[in-house]
Amino acid sequence: MNHALIHRLDEEGGVGRQQLYLDTLRMHIGMVLASIVQKQQHLELHTQAEKIFLCLGLRDKALLEPL
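Residue numbers (UniProt numbering): 1 to 67.
Treat the hints with caution; some may be incorrect.
[Unchecked claim] So the derived label-pair ranges between C-beta atoms look like this:
{"#": "1", "residue 1": "56", "residue 2": "21", "range": "27 to 35 Å"}
{"#": "2", "residue 1": "50", "residue 2": "17", "range": "29 to 37 Å"}
{"#": "3", "residue 1": "55", "residue 2": "4", "range": "52 to 60 Å"}
{"#": "4", "residue 1": "4", "residue 2": "51", "range": "47 to 55 Å"}
{"#": "5", "residue 1": "17", "residue 2": "43", "range": "34 to 42 Å"}
{"#": "6", "residue 1": "55", "residue 2": "25", "range": "12 to 20 Å"}
{"#": "7", "residue 1": "28", "residue 2": "53", "range": "19 to 27 Å"}
Rather than coming from a laboratory, the hints here were simulated on the basis of the structure. For each residue, glycine too, the CB sits at the ideal point set by N, CA and C.
Use the sequences and the hints to build the structure in full.
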């Protein structure tokens, strides 16, 4: 993190404000990572479903599209 920003936060609002900023930043990073994992899992499930359809001889990929 930018040390000048941390210093400015200390001057303006003290350690409490800095901690709130860091906690908010951690929360947002966690949400982004969770979203990436969820999208990856969705892609893997879609790929597995496509393989099953191909194994069953079903060629209509429109059936794989969300309703």
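Hint by hint, here is what the structure shows:
no.: 1; hint: 56 to 21: 27 to 35 Å; result: violated, 53 Å
no.: 2; hint: 50 to 17: 29 to 37 Å; result: violated, 50 Å
no.: 3; hint: 55 to 4: 52 to 60 Å; result: holds, 59 Å
no.: 4; hint: 4 to 51: 47 to 55 Å; result: holds, 52 Å
no.: 5; hint: 17 to 43: 34 to 42 Å; result: holds, 40 Å
no.: 6; hint: 55 to 25: 12 to 20 Å; result: violated, 46 Å
no.: 7; hint: 28 to 53: 19 to 27 Å; result: violated, 38 Å
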